[in-house]
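J.: Listed in order, the protein sequences are those of chains A and W.
At position 111 of the first sequence the residue is numbered 111 (the working numbering), and the sequence of numbers has no breaks.
Each number in the working numbering comes from the position in the second sequence (counting from 1) with 1000 added on.
Treat the hints with caution; some may be incorrect.
No more than 20 Å apart at the CA atoms, straight line, and that leaves these computed lysine to any residue pairs for SDA-like [as the list claims (entries may be wrong)]: (1) A/Lys152 x W/Asn1172; (2) W/Lys1079 x W/Ile1420; (3) A/Lys42 x W/Thr1027; (4) A/Lys70 x A/Pro40; (5) W/Lys1232 x W/Val1242; (6) W/Lys1025 x A/Ser39; (7) W/Lys1025 x A/Ser124.
Just so you know, these hints were derived from the structure itself, not from any lab.
What follows is the residue order along each chain.
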Amino acid sequence: MKSLFLFLTIILFASPGFAQHKKIRFQSINTISFIGGDSPEKTGIGSTNGIVFSSWFAGIGAELDNYHFKTIPVFFDGRKYFGSQYRLFIYADIGVNLPAQKKAGKEFYDYSRFYYSRGMYWASGIGYLFPFIKKSSLLFSVGNSYKSMSAKTVVNVYCPAGNCAPSYRDYQFKFYRLLVKAGLVF
Amino acid sequence: MKKYFSLSLALSVFAILFLLNSCVKDTCRNTYTYTIYKPVYETTEQLKANIKSGAPEQVENAGKIVLLGHYIFLNEIEKGIHIIDNSNPAAPQNIAFVKIPGNFDLAVKGNTLYADSYADLVTLDISDPRNVLLKKYSENVFPFPYYSSAIAYNPQYKIASWDKKDTTINENCGDDRLVYLDGGLAYQTNGVASSVPSANSSQVGTAGSMSRFAIISDYLYTVDEANLNIFKITTPDDPEYVKQLPVDFHIETIYPFQNKLFIGSNNGVFIYGVGGFPENPVKLGQFTHARACDPVITDGEYAYITLHSGTSCLGYNNELDIVRLNMLVNASLVQMYNFESPRGLSKDRDLLFICDGNNGLKIFDASDVLNLKILKHISLPETYDVIAKNHVALVVAADGLYQYDYSDLNNIHFLSKVSISKKK
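The following block holds chain A by itself, in its conformation from the complex (with noise of 0.2 Å):
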């Protein structure tokens, strides 16, 4: 957790400045983010693109979560740019999160396998857009998010004759975490 909060440090002290606002025009998101919560922090990439009209934006992103499992979010972003200049912006991002992989393989022993299944994903935040190079802006955001998924271990167990049922488990994972992206939008 330390190393987000000096991340924020460095990019909060960054010069600001600001972009021009259009009324209707493309806008793409890409952004880098670090997720941190009770699991070791990881980092994530991603992409939203959408339409900005007026102040508002809507779009669809998907990234690339590495946190506690490898996973792919696949959502519709929609968010709100406040000022003259619509600088400030607060999001809200609501989807579906994909295992990146569905077999794990082999895990503990030979016989016992996970096969991972797709959960929800959601996010909010704030964030505010610094001017960059021509009509691009760096962008800085906070927020929280959750992402669930569903894994079930099947257990082949040796029996001395004919087949014997496997043994299954099923796990929920819940995970809600903190989010903190940096990136270029244009």
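Position chain W relative to chain A; hints supplied.
T.: Same frame as chain A, but now just chain W:
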């Protein structure tokens, strides 16, 4: 002004982070269902009184098979033995069910069937399959019944059946309690030899490669987790326990060939000779392989061993090992073939039949062991064991006992199926 703006923004963000930090949390919930088996006890006398032919029953959980004459003896795991009249392989008739609690294995010689019942050996007269008679009940001859992993075995009482109750537990990950196998805590290792009413009353039934019982001449050999058990069956109805011989740990199968026993364990194959000294088998050789579940058969020149992983036998190998026996004392691997999950196997002349788990039954031309040629691949679910004899392949799969005619290799075709209907 910009400096103050940045400072206030930074302070705001820190404040937000501190607030959000209290929201971070990882949770994991673990849900699993397991089955509690509560034994229903009977006295030995009660249990013995119930060992007899009854009306045919639906096959629910097929285990070992023995073929003799025109009868198929099919183990219903832990419950007994189905007797199937196979006079017409295209239309087999399930004619009787013999209730034998705790039964896993069987062997047949002439009109006598030997079967295990937990720690005990049951000897049955099967002259009339519809009226099977209990001839002898030998108690505690198999001292290590598998099922005892979770139950203290009490020789005063016999387990007649199990009350089954499914239980679902939902808990935080990491709080896992140690629960043994879903659906089973108790497995017994030992099997029996069965015999069929036939023209030749001393004929020995052909068992599948997964069998743990074997008959050579006047002796019944059985394997348990670590030992070879020897019974003298000179008087078929009165088997006499001779002795026990330590072999290895994690023994799985025994395969008789001429006057030799091929014993498969998790770690290898052990070859014992019984010619001339049937009560004192002599270890002739062994072949060690990677740890895996592994039945073994032989044609005298080569041993064929299938290894499969994916169970608590551990191991990562899924293969067929062909081993040259080399006078038995120096067995050596000559060829290895990869499979998906090979189980039971059988050989009839140059034809090699291999159950490849969910990949069905595969039939090979094995005239050249260095270059097996697949002749037929039959898709079947969870194939377990096979007996190929007299141009008919008898295959135990998850949903049925199948028979295929291979008298014409260009037209290997389906003959019949005895359905298996597993109880949930």
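J.: Assess, step by step, whether the Cα of W/Lys1025 is no farther than 20 Å from the Cα of A/Ser124, and give holds or violated.
T.: holds, 16 Å
J.: Would you check the hint for W/Lys1232 and W/Val1242, treating anything up to 20 Å between C-alpha atoms as holding?
T.: OK: W/Lys1232 and W/Val1242 at ~6 Å, within 20 Å.
J.: Just to be careful, I want the Cα atoms of W/Lys1079 and W/Ile1420 compared with a cutoff of 20 Å; is the pair within it?
T.: Within the cut-off at roughly 15 Å; holds.
J.: Run the distance test for A/Lys42 versus W/Thr1027: straight-line Cα separation, threshold 20 Å.
T.: holds, 17 Å
J.: Does the alpha-carbon distance linking A/Lys70 and A/Pro40 stay inside the 20 Å limit?
T.: Judged against 20 Å, a Cα distance of about 13 Å means the pair holds.
J.: CA of W/Lys1025 to CA of A/Ser39, is that 20 Å or under?
T.: Answer holds: W/Lys1025 to A/Ser39 is near 9 Å, not above 20 Å.
J.: Does the alpha-carbon distance linking A/Lys152 and W/Asn1172 stay inside the 20 Å limit?
T.: Measuring from Cα to Cα gives roughly 15 Å; hence the hint holds.
Checked against the numbered hints given earlier, this structure breaks none of them.
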